[in-house]
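Chains as they are written, first to last, in full-length UniProt numbering: chain A, 1 to 235; chain B, 1 to 460; chain C, 1 to 472.
In short, the hints are calculated from the structure, not lab data.
Note that beta-carbon positions come from the ideal geometry of N, C-alpha and C, so glycine has one too.
Check before you lean on any hint, since a few could be wrong.
Unchecked claim - Counterexamples of contact, computed for chain C against chain B with all Cβ distances above 12 Å:
1. L22
2. S75
3. V141
4. L190
5. Q299
6. V324
7. Q401
8. L452
As the list claims (entries may be wrong) - Have a look at the derived ranges for each label pair, beta carbon to beta carbon:
9. B:T446 / C:L25: 23 to 33 Å
10. B:L27 / C:E202: 45 to 55 Å
11. C:T469 / B:R16: 25 to 35 Å
12. B:L439 / C:G442: 30 to 40 Å
13. B:A199 / C:T469: 40 to 50 Å
14. A:K74 / C:A28: 26 to 36 Å
To be verified - Computed list of lysine-lysine pairs in DSSO-like fashion (alpha-carbon distance at most 27 Å, straight line):
15. C:K319 / C:K418
16. B:K108 / C:K158
17. C:K289 / B:K282
18. C:K289 / B:K67
19. C:K158 / B:K282
20. B:K19 / A:K137
21. B:K65 / C:K305
22. B:K108 / A:K74
23. A:K198 / A:K168
24. B:K67 / C:K158
25. B:K405 / C:K415
26. C:K415 / A:K137
27. C:K418 / B:K316
28. B:K316 / C:K415
29. C:K289 / B:K65
30. B:K293 / C:K415
31. A:K154 / B:K65
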Amino acid sequence: MTYLLEAKDLRKQYADKLALRGLNLQIEAGEVFCLLGQNGAGKSTTINLFLGFIEPTAGAAYLNGLEVAANSLKIKQYLAYIPENVMLYPHLTGLENLALFSSLAGFSYKESELLAYLDQAGLPAEAVRRRVGTYSKGMRQKVGIAIAVAKHAKVLLLDEPTSGLDPKASNEFSELLRQLSQQGTAVFMATHDIFRAKEVGTRVGIMREGELVDVRPTAALNANELEQLYLTYMQ
Amino acid sequence: MKIFWILVQYEWRHFRAAKGLVVLTGLVLLVGLYGIYYGTTELARQRQHLAELPALARHNVEELKTKFPEPADAGEIGYYHTTFAVHHPLPWAGLSLGQRDVNPYYVKLRLLGLQGQLYAAENVNPTKMLSGNFDLAFVLVYLFPLLIIALCFNLLSSEREQGILPLLLAQPVSAGVVVGAKLTFRVGLVLGLAWLLSAVAMGWARVPLDGRVGLWLALVTVYCLFWFGVAFIVTAWQRPSAFNAVALVGVWLLLLVLVPGLLNVYVAAKRPVPQGIELTVKQREQIHGGWDKPKAETMNRFFALYPQWRDTATIKERFVWRWYYAFQHLGDQSVQPLAAAYSTGLRQRYELVETLNWLSPAINVQTSLNALAGSDLPTHLAFQQSVVRYHDALRAYYYPFLFNKTPFAHADYAREPTHTFTSTSETPTAVQGLWKLLLSTGVVGTVGLLLFRARPIQPR
Amino acid sequence: MIQSIAQKEFISTLRDRRFVVLSGLLLALLLAATLVGRGSYRTLQHERMVAQQTVNEQFHNQPNRHPHRVAHYGSFAFRPRAGLSFLDAGLDSFTGASVFLEAHQQNSVNFSQAQQSGSLIRFGELTVAFVLQVLVPLLIVFLCFSAFTEERETGTLKLLLSQGVSMRRVAWGKIAGYGRAVALVVGPALALAAWLLFGEEEFAHNPDVWVRLALFVAGYAVYFFLWIVGAVVVSARQRHARSALVLLLGCWMLGCIILPKATANLGATLFPTITKAQMDADVHEAAQKGINGHDPQDQRSAALKANLLKQYGVDSEEKLPVSVGGLVMAESEAYTSKVYQQHFADLTRTYERQNAISNWAGLLNPYQAIRPLSMGLAGSDFAHYVHFQQAAESYRYQLVQRLNGLQASMGYGDKERKLDAATWQAIPTFAYQAPPVGWALGYLLLPALALLLWAVGLSWLGLKLIDNTPVV
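Please take these sequences and the hints and turn them into a complete structure.
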């Protein structure tokens, strides 16, 4: 079968640093894969490789069966991405930003549909028609979520998506991820948050110095065990 | 393609939201309108001055008619009678005044030696000449690049610096389309403005609607595209906005200030012009020497040039006008090689600039626009040539009176030849400029494209 | 404390590769402009000196001639270039170099450099003054736009202030540091200029030139100071380096390119210049019919003749000991000259009104204050040009009147006789004495004042603004 996300011996060498040392990974539809690791462990490099923002030094990343480096434009139809810090056009409203990014993805939603996505992402109704320049980080993050959801992508790439969200919003986001994975979306999430990873992930991977040192299904662990495991690897 | 237009449409929204840019664009529009107003009124003033000259000439004739109520010696008349050689502008000169303020647009003539009269200067405030003309060509050549720089220095870097680029490039849109859409919008805006201003100026100046309209628009368009090409290279370089601004202003400075300045120095050193003053000094020497030379010697030299008057009466008087005008003309003749060298030297200077102007498209466009408007040095030299011919015609008119001793009657004033000269467009120069400009733009565009291909856009 | 901040700015500027490249280029340009300016100065000066000598010798070596012939033969006045004009050519390229001096008429000053080149010259000339007035401020902008924004973005500003330094002191420190860096660029070129001047016999012992050079340097020091202060203040007030840069570049373009041209053009539109043809016609008219229109030349001549006859108590011209022709000519020359002076003064006044708009704009735009100041000190401004024109005209008038006097003393029937060649050798030739610096300063009060006002105002207001700037 083809995996929605796959890495084969994926390596990335920067001028001064080997950021990723031969990553092998397969993620299927409906999975939520959480990648844990410290800053500089190689999480963002992995996501950037799947996004096609950087080219691998060796090996290949595949998305929906397509090699990312060779199809960097095409694969973007199948993925949605939420960065750690969602930045939007500050002089457009949240609604206008969503309309812009959706139309770039090839969707032309009616305004009522756009409003529904923003509402689903948890953006307060009063903020919808305000300029993004006046938003808090959490509000921007919610627009980012709406953009991702509205894209109906097969793969969701998340880089610390809940940073800046309050606990309530984070829980709502976890719920949203669960819904999406049940509908067959593959989710790949880089995070520091062990408890969130345990809660939403179907599998967790632990990354250290560019190497995926352990992968386990979350069902086999409780949160404390996962924390213990993580700390062991980090020593 | 649909996505492309969506992006273009959003560019319009981004532009509207950036108040500074809207103000700047509005300012350029206003400044452009002022340039049109200034250029056309300046030209209208020159036209008005030219229109006033016949009245001065008529007044001079009236005065002479009072002074000489009876038919008089034509030599006497020729000495006091002043007439004007006039250089009428093309309507195009209102768009590009060129050197029309530096070079006089009329010459006051008497029957005396020409070389002493040909180079007289007009009253112009030198401070104003130093500052230059604020005409439409200035706005297009100097200020439009700055507008383009202001619009493009953060073409992609602003998105990168604001952190929007990762999200943007996570959409199925290639960076090429994003940059293309951004450039398209800006090109549309700038060209729209340039065409609008050009159209207003052409209407205001009432230029004839012929091929030159297309030529002007083509020059302006390609020049703007050249600057977009430069901005494209800098965008493809992918440096921070502040660096881009510095780099673009640096290029502007190089092409509009340093290259012209250095070229000026080079041209002056490479093509030294025989000083015009040498010519006038020598002519004076010759003419005044004429007083002291034996009359027969002077007249024989004159008759060698004009054998048709050889059989006229031998001069025995102490002073006679035909002798006076003969040595005036001989004075001109003696400096003929110097005069030719002077104008050839000036022309060579101009041509050297023409061959080197590919170094800076700004110089190229400015000289091309001036050539189109007939307001540069070659037109002035052509005018001077026509003044020489006019002076010949005047002499040819007076010589029969002088040598046949025919009295000059009041009716003879009206039969005197008159002069008029209208600039012509140096279309070949302008067309050649357009080709060179296309070449520079092509080079810049290609380099930009290659660089853009070679360096994939970094979202962060 | 200010010293240590200044030292830090100075050192980090010197370590900044961009600055080193930019200032290296600028220094090379300055040195090149000094040498090129010097070269062209020497060439032109030599040409004009030789030409002046030639025409002087020609004048002295005339054969036996009637004095009125000599008056028509005339002479030429060549304008020598001022000592410092190789630093600032000012109007020199746009004003003529020589004027033909003859009886009866005042000729224009012809053959300017601008007429001897195509429109290329309108892009501006690469002189030292141009580099100092236009390019050095640009260097200052590039140097200073991130003075505060960078410290704010990297957070070092908070660290600095937490050490107990006030914003104002930080600002002064930065101004002093950048000032040193700019001096390092400009200094060598000015030193070279001074050295070149010192090597010149003519100027080495001429205190006037040295006073001019000192004031020249001082003027530019103030000019650079206010640009540095302005750039530092903008950098402190703007949140982002980018917006500070764009704002400063906008000011530079407006001040150094758009405003000077616009005000000069506006002046010419508001106060139209009379054409040379019209002015000549007016002068002729007034001379013929009398300034008041009721005193025609014929009547003036007739009255002069009648007076002479009465004075010498004779009844015919033949018996007079003087030549009536010569005296009539002298009277007419005096009258025409008076008329011409009036019209010339009107024309000069028109030009001065046109220039005044630009000069007053110096209060709004420091570039338009330093430009006239620099030209004035270099001796290449409008006032110096008019001074030359007046000197040439006054020489012409004296020459012609002297010749008229000679003619008058020849008595009746002078037209049949000539004067001895030795006569011409006794007549002094034209020697132009450029006005002293004290004279020039009278014309430079407004720009000097404007520059000082800017410097003081900016330091006072700008640093007050900096005091009130939020740190984060």
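Outcome of the hint check:
{"no.": "1", "hint": "L22", "verdict": "9 Å, violated"}
{"no.": "2", "hint": "S75", "verdict": "9 Å, violated"}
{"no.": "3", "hint": "V141", "verdict": "9 Å, violated"}
{"no.": "4", "hint": "L190", "verdict": "19 Å, holds"}
{"no.": "5", "hint": "Q299", "verdict": "15 Å, holds"}
{"no.": "6", "hint": "V324", "verdict": "19 Å, holds"}
{"no.": "7", "hint": "Q401", "verdict": "20 Å, holds"}
{"no.": "8", "hint": "L452", "verdict": "23 Å, holds"}
{"no.": "9", "hint": "B:T446 / C:L25: 23 to 33 Å", "verdict": "27 Å, holds"}
{"no.": "10", "hint": "B:L27 / C:E202: 45 to 55 Å", "verdict": "49 Å, holds"}
{"no.": "11", "hint": "C:T469 / B:R16: 25 to 35 Å", "verdict": "30 Å, holds"}
{"no.": "12", "hint": "B:L439 / C:G442: 30 to 40 Å", "verdict": "54 Å, violated"}
{"no.": "13", "hint": "B:A199 / C:T469: 40 to 50 Å", "verdict": "47 Å, holds"}
{"no.": "14", "hint": "A:K74 / C:A28: 26 to 36 Å", "verdict": "52 Å, violated"}
{"no.": "15", "hint": "C:K319 / C:K418", "verdict": "20 Å, holds"}
{"no.": "16", "hint": "B:K108 / C:K158", "verdict": "73 Å, violated"}
{"no.": "17", "hint": "C:K289 / B:K282", "verdict": "36 Å, violated"}
{"no.": "18", "hint": "C:K289 / B:K67", "verdict": "13 Å, holds"}
{"no.": "19", "hint": "C:K158 / B:K282", "verdict": "76 Å, violated"}
{"no.": "20", "hint": "B:K19 / A:K137", "verdict": "25 Å, holds"}
{"no.": "21", "hint": "B:K65 / C:K305", "verdict": "26 Å, holds"}
{"no.": "22", "hint": "B:K108 / A:K74", "verdict": "76 Å, violated"}
{"no.": "23", "hint": "A:K198 / A:K168", "verdict": "17 Å, holds"}
{"no.": "24", "hint": "B:K67 / C:K158", "verdict": "90 Å, violated"}
{"no.": "25", "hint": "B:K405 / C:K415", "verdict": "24 Å, holds"}
{"no.": "26", "hint": "C:K415 / A:K137", "verdict": "103 Å, violated"}
{"no.": "27", "hint": "C:K418 / B:K316", "verdict": "19 Å, holds"}
{"no.": "28", "hint": "B:K316 / C:K415", "verdict": "17 Å, holds"}
{"no.": "29", "hint": "C:K289 / B:K65", "verdict": "16 Å, holds"}
{"no.": "30", "hint": "B:K293 / C:K415", "verdict": "18 Å, holds"}
{"no.": "31", "hint": "A:K154 / B:K65", "verdict": "102 Å, violated"}
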